[in-house]
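Protein chains in written order, with full-length UniProt numbering: chain A, 1 to 339; chain B, 1 to 764.
In short, the hints are calculated from the structure, not lab data. Nothing here was measured: the structure is a model prediction, and the numbers come from that model. Quick reminder that beta carbons are idealized off the backbone N, C-alpha and C, glycines included. Do not take every clue at face value.
Covered stretches of chain A, as calculated for chain B (at least 3 residues, CB under 8 Å) [what the hints assert, rightly or not]:
| hint | segment |
| --- | --- |
| 1 | 74-80 |
| 2 | 122-131 |
| 3 | 242-255 |
| 4 | 323-335 |
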Amino acid sequence: MRPFAYERAGDLVSAVTAATIEADSQIRAPIQFLAGGTTLLDLMKIDVMRPERLIDINPLEKSLSEISFDRSGLRLGALARMSAVAHHPDVEREYPVISQALKLGASAQLRNMATLGGNVLQRTRCPYFRDVSWHACNKRDPGSGCSARQGLNRNHAVLGTSDHCIAAYPGDFAQALIALDATVSIAGSKGDRRIPFSDLHRLPADTPHIETTLSPGELITEFHFPARPWARRSLYLKVRDRESYEFAVASAVVALDLADGVVRDIRIALGGVATVPWRSLAAEDALRGKPLDESRAGMAAEAAFATAKTFGGNDFKPELGRATLVRALLAVAMLEVRS
Amino acid sequence: MNVSARAEGGMIGRPTPRIDGRLKVTGAARYPSDVILEDTAYAFLVMSTIARGRIKEFDLTEAQAVDGVLDILTYENTKGKVRKSRYFMRGGYAASSVVPLESPKIWHDGQIVAMVVAETYEAAREAAYKVRVESSAREAAPGFDERRPQPRQTPHIFAGSEPQVGDAETAFQDSDVQIDAYYTTPTQHHNAIELYTTTCVWSGDQLTVHEPSQYVHGLKNGLAKQLGIKPEKVRAVSPFIGGAFGAKAALTSRTALVAIAAKRLNRPVKLVATRQQGFTVSTYRAETQHHIKLGADRSGRLMSLSHEGWEVSSRSDDYKVAGTETTALLYACPNVFTRVNIVHADRSTPGFMRSPAEVPYVFALESAMDELAAALSMDPVELRRINDTRVSPIDQKPFSSRSLRTCYDRAAEAFGWSKRNPVPGSMQDGEWLVGWGCATACYPTNVAPAEARVTLAPNGTARVQTAGHDLGTGAYTAIALTAAEFLGVSLESINVELGDSTLPPAPVAGGSNATASICNAVAQACEDIRDRLARAAVQSGGALRGADATSIRLSRGALVSADGRSEELKESLSRLGFGPIEGFSKYVPEVASLPIRIMGHTLLSRGLPVMTIGTSAGDHVQYAFGAEFVEVRVHERTREIRVPRLVGAFAAGRIVSPTTARSQLLGALIWGVASALHEETEIDERVTRYVNKDLADYMIPVNADIRDVEVILVPEEDHKVNALGIKGLGELGNVGTNAAIANAVYHATGRRIRDLPIRIEDLL
Ligand SMILES: Cc1cc2nc3c(=O)[nH]c(=O)nc-3n(C[C@H](O)[C@H](O)[C@H](O)COP(=O)(O)OP(=O)(O)OC[C@H]3O[C@@H](n4cnc5c(N)ncnc54)[C@H](O)[C@@H]3O)c2cc1C
Ligand code: SF4
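Looking at chain B on its own, in the form it has when it is part of the complex:
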């Protein structure tokens, strides 16, 4: 069905302030962390301070003596209460396969070893400080042993994540110009402003969980599994989320403990994990290493590309992001070799963090491309142009659309790139060395099955219900615009409900799939309504009698036929019964494979991740692209690095909500600056423990660091990705920014920094 043909038009793509903006700035929006129920008891976590070993003994005397302490959960009294849910990358729900409070075994620093529950937060915290844990530590492995290649330790778990074609090694040897370099990216943590909190309340055998979540159906089903109860007995609520970035997708070990405590006490229990505890309560982006070899002919054409990556995972799980899926098809190249290795360490299991694969892997490739341009004495933009491709070099599948060149043209022009003197160190301004750099941004277009219910009332107001999530991304606004478009009513008449597992299931808000998946589902539900109203109308004795039902549109509270006849909505509705009409849809991505077509909605309703990813979208590959340009300034003496200017041009199919889309890209560019210059979780390798676990020491840019940021939305039409032509851009903008900055630093100073973050000492 081609839903777009029947749209009233004018709403999708209309710049609109965030519809929930007022609620947020006035404090009326209730985030899960804001929930305080009557008679709540408060929980506080106790974490392991060793990375590997066993708990020998607890001494709870002092803690239990604290006034107001109600309960202390340890493995000794909780063992066996939480059932195993499989690791989410292996078909389960959990962020790690380690079951909470299951045994005295310590897998990593910062593992939950006890949870104190008390009448007040303060009492719980005080008692938690007084829990004595005696444990025996064994030597722990912090991550990569050395900075350079590690032995291959685990076979990859996903087929196809190591694309290859031709003979890359021979072609590299035969190339006129060669780049052979290693790159690294550091450990990073999401540090969303909303902490990892959980409130659980039982009403009989019915459990309600208030927890910031980017996957309420996953939370509901996973928790039910862990508690050994039926999924319909669990409700997960998360209407607003104060940032998630991937860390609130899989089920962490805290939730079941809070549910158990609430059951034992028969009253609501609220847990607020501290900022410091958050570093190991949920997931993180693990450090990566890359070996890139590029071979090109003298004209700059790539002859050989080889990209080998190393990633750190935990002992218990084999998480990896395997970004070579993307780097292998960014440019035309006849010979490609890629490989991905996992190194297991005594760390908690890493997980998704905004553009999980692309941020580290594209950093390596786009840095190497800049090195190649320098070696060729070629403009880096020109090098990308020469190697642009319409098809994947691996299997020759065409891109559904690819506007990379246009993005480069538009961003380069806005930036003033033509005024760049290519000689490193040549563009000094007073005491500051000026550098200009660029890089490619890209992100796969992923689409998932989704369900939506739309209810249209006779007065023209509508309610849209789907268990999607607004992480601050603008989902409420994009969904409302879509419904307004297809129902032919104003934005104000649409009421969107999200973030509640009692609503029709929607996919995890991850992989930038939400807008594409949910808006298509909503459009179909609206179409369901239109279709039923239209068919009844043409068969009736009313104004639209005998009209072509397929040509009838909903417009301004009326049904309108192609020949100009119309009928009030009220009248059309009354024909179908009393009151509002409900439309429902089970959207299946147009590009979905047969198994997803058959099983998609079953998996979705079980809260399991199911998605058609950009590299396996039928007979084509689908990606969104962008080009990013940055200016850096490095002080000639003291080497502080500043980024006064960022310009990004992005093409991501149809832009449903340009205002919030722009905000997404703006924030992403800023995060890109952080990823290049600021963010790094430091590990004391002697004991495999994190050291800078708060926002005072874990650096992110502040307002003063961000000056001019320009976002250009490049128009792009793509009818292959899905009916509405939406690509999704939540994770596009922070891909490549780190490389653009490193490339600009090279241009400013002549120093090529291959290890992030770039700090003063790297340039002294």
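Bound-form chain A, shown alone:
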């Protein structure tokens, strides 16, 4: 860890003003917001992130941690803690997939600390990224190469990869956000904006170091989930190498609007297998208007991974990803949902 200046945010406006700075991306900016710190401090200790200044946004918690549910949908403040949201009765009842995705992430201690805003901005677990003694990592050091492509890449992505980076997006909650048509409210020194969650993360392409469309100084204030008929019949299935406290090898979000065994509408997102939170429109299209059975589920899974590209260590991932999606689809169809 290197020396840094620490300050506590006074209010939202001064926080974003203070954090606005020239940098090639928000995540590499020399000024960083400190929320739960479970990603940021970790990466600072291992010298991957080297901010010069931290602005602690926890003083804004009161105004930015609201959890509210009404007819228009669900609002979650960006500073709400993972555990608070996961166990909130409205969330558990109306959006079970959100609650599950949060409960299955990290550990109880981390969930008590970590915020939703920090959660969606958590960084890849690519071991070459996380250890600065590996010189080649385009995400850490643009243009230096990628150690993982021909290295150890069991945990790496098979969807959305580029020649420059194949790192998987590790988070669980973001899969629920992207599946459920969520939007993100953002405050910035140049004004506030609201974007679909699907516009927040960027594919690695040839700039894997630019992970989101946030500018330096922009602060996520809130997530909004619209009310939708498929929200209640939803689930998160996380397949991993141990029972708890582990990132997904493959995961799936499915939210289903089912009428008489026929798919009226459906939302599908895939975790552990893609470079960004990944909604699979191809899989959704394969099911919309069709009965949901084993063979249809299999076809949707095929469609979901049709463009998958593997790198040796992760050759098994398309097959596991398909199995995960099929299992999730069949399980969600069987759910008993009270209206």
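Add chain B with the ligands to chain A, keeping to what the hints say.
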């Protein structure tokens, strides 16, 4: 001397909560890593990032500019300061024969190339990040070149580690049923919770080292040798150890550097190697390969067993575990062939890790046994029963005791094995495929010379001193129970002191020898006290006048004769002088060879490893055994593997402390799960560097992975192993678990996985 005959009874074998438990849970126990001395300076290591080559140049400008930096050690200013101590497997102390900061040569990734010392930990760390090392790398060999057999590269260093009898190849060819298969186990790291830390402080020419150690006398003597000072000038202190598992036994290269830095600065220096650095600061379990051939007749009787192993070692040392010593005598078999090969690679030197030899070698054999049972359509338990033996098949020496069958019977019953449908894939429960598997656990009974001092006060309290170690194993409790038994006092009156090289020397806490060695030594020291008190008492004019001295026991603060007469301890003691009485013992294992009898205590006091191992215990062989049964569940679609149930039955002679013994076995079974399904240090073979060097990426089971674990202690009496009949069980429980799980996975899925760890992708 038969000490057990004179025991008061009732203490050894009494279930007792760990006597140091309260200290530990309240934080009162001071581990070496907790030590912070006044005016301490902090050290941080800089490691090589190449596996082979030379350092060309250091650029320390930026690092030295960091506020608070006091000193930076590199080979340029430290060369020649650390003297060579021989490699511990070759009669020295060091975990590797590479001398720290001796030259620009790089032997392996993660080698210490510099150590920064600063006013604070933070400054040292920041400066360490700023040390620039320019080096030239050469192509490095990561380990085995291919997955299959390697050329034999080094002759074995220990005689007798490749047991053979008969003509295994011919017998194999002639066998009705044959199994011929390869197995592998991965690189693994101990990852004890207490990191590799060292604090050194000089007082004049006297050095004190606070370092978590499972061999304080080795640490003291080895460090003295490296620093070129007399051993009595070094004191090593390690009263509690937050896990060691073999990695804190031999002297690592960090310690001398901290001592040198402390001397140069003339103030205490503390080093905390990070979790990541720990992967190469100390040792590890290297990957292994095995070729097993089993031949049997139709009734399941083994006719031929051949086991060839390949192990990875460093360029500098020829470490190997050679587990065929054990696999050759597990079952009756007239024809046995074994061989062990070392493959040298550009890696740090491996070392002991809980059940070093048995974990990989027994995995291979017990997997093959399950394959044989399947080929014979025979129950795997029955196959073990048919091939059980009372003697070593190699030289017909009898086992001192062997309760393998009883262990199988007890564990099978507790597990409900009779309800098993033998057909693979037949026991589905909902979406989960259920598999049941079993395997044999075994571990040699090793015993070492040990010394102990016991001081008994007139008020009936006693102090037991020996430089043994409690790695979390329960040593404090077992030793206290033994002393309480032989002194005839309550457990609360016993105060045990361990883990300090100023105490009478005790052996390395390794090879599961500690309980047997130290408790026998303590019993003898107590006997020394009893004997002196008794002889004085019978010659005196007191109550015990004329009684038979040998029949007098210590009981509840009194001396009691066989005919019921008794005398207060106070009175007996006063006869021998003022105050407490001290008993001392130099225990030599009853089964020790002549050289150990003659030289054992000299070697012990020099901190050199000396031990009578289970396969060379006089006219018999001595082993502890167990049988382990597991249930695994594999999801029918996504193939996650879970282990909801483990049952192990173990027989290990006399159990001194059943509560902590059970904890040992419980933990061992859990580690067995890790060894089958989770643990693997991954190597990027392009550059021979480890990749998953922290606990986020190096997987171990979490609480949610462990459900029902049942430990059964099977009673066993063995008067041959040592006077107290103790076998030791610290390493018994995690032997065979990996095989039991692989066998259960086969039963669940019909897939035979021969390469550990077993992961989702192996079953898709
Ligand atoms: C051991 C471990 C295991 C884990 N396992 C899982 C898992 O299984 N599943 C999973 O999903 N996650 C997992 N995580 C990740 C964890 O969920 C994230 O670390 C956490 O959610 C981050 O939230 P935080 O509030 O601590 O973020 P911080 O560390 O405080 O911030 C992270 C980044 O986001 C920025 N930031 C924070 N808040 C905002 C905001 N409101 N607006 C703009 N920028 C902001 C910060 O500047 C920083 O760059 C794990 C983490 C650890 C350490
Ligand atoms: S996959 Fe991405 S994060 Fe990993 S080494 Fe390559 S560029 Fe870096």
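Hints, one by one, checked against the model:
no. : hint    : in the structure
1   : 74-80   : violated (count 0)
2   : 122-131 : holds (count 4)
3   : 242-255 : holds (count 7)
4   : 323-335 : holds (count 4)
The structure does not agree with numbered hint 1 stated previously, though it agrees with all others.
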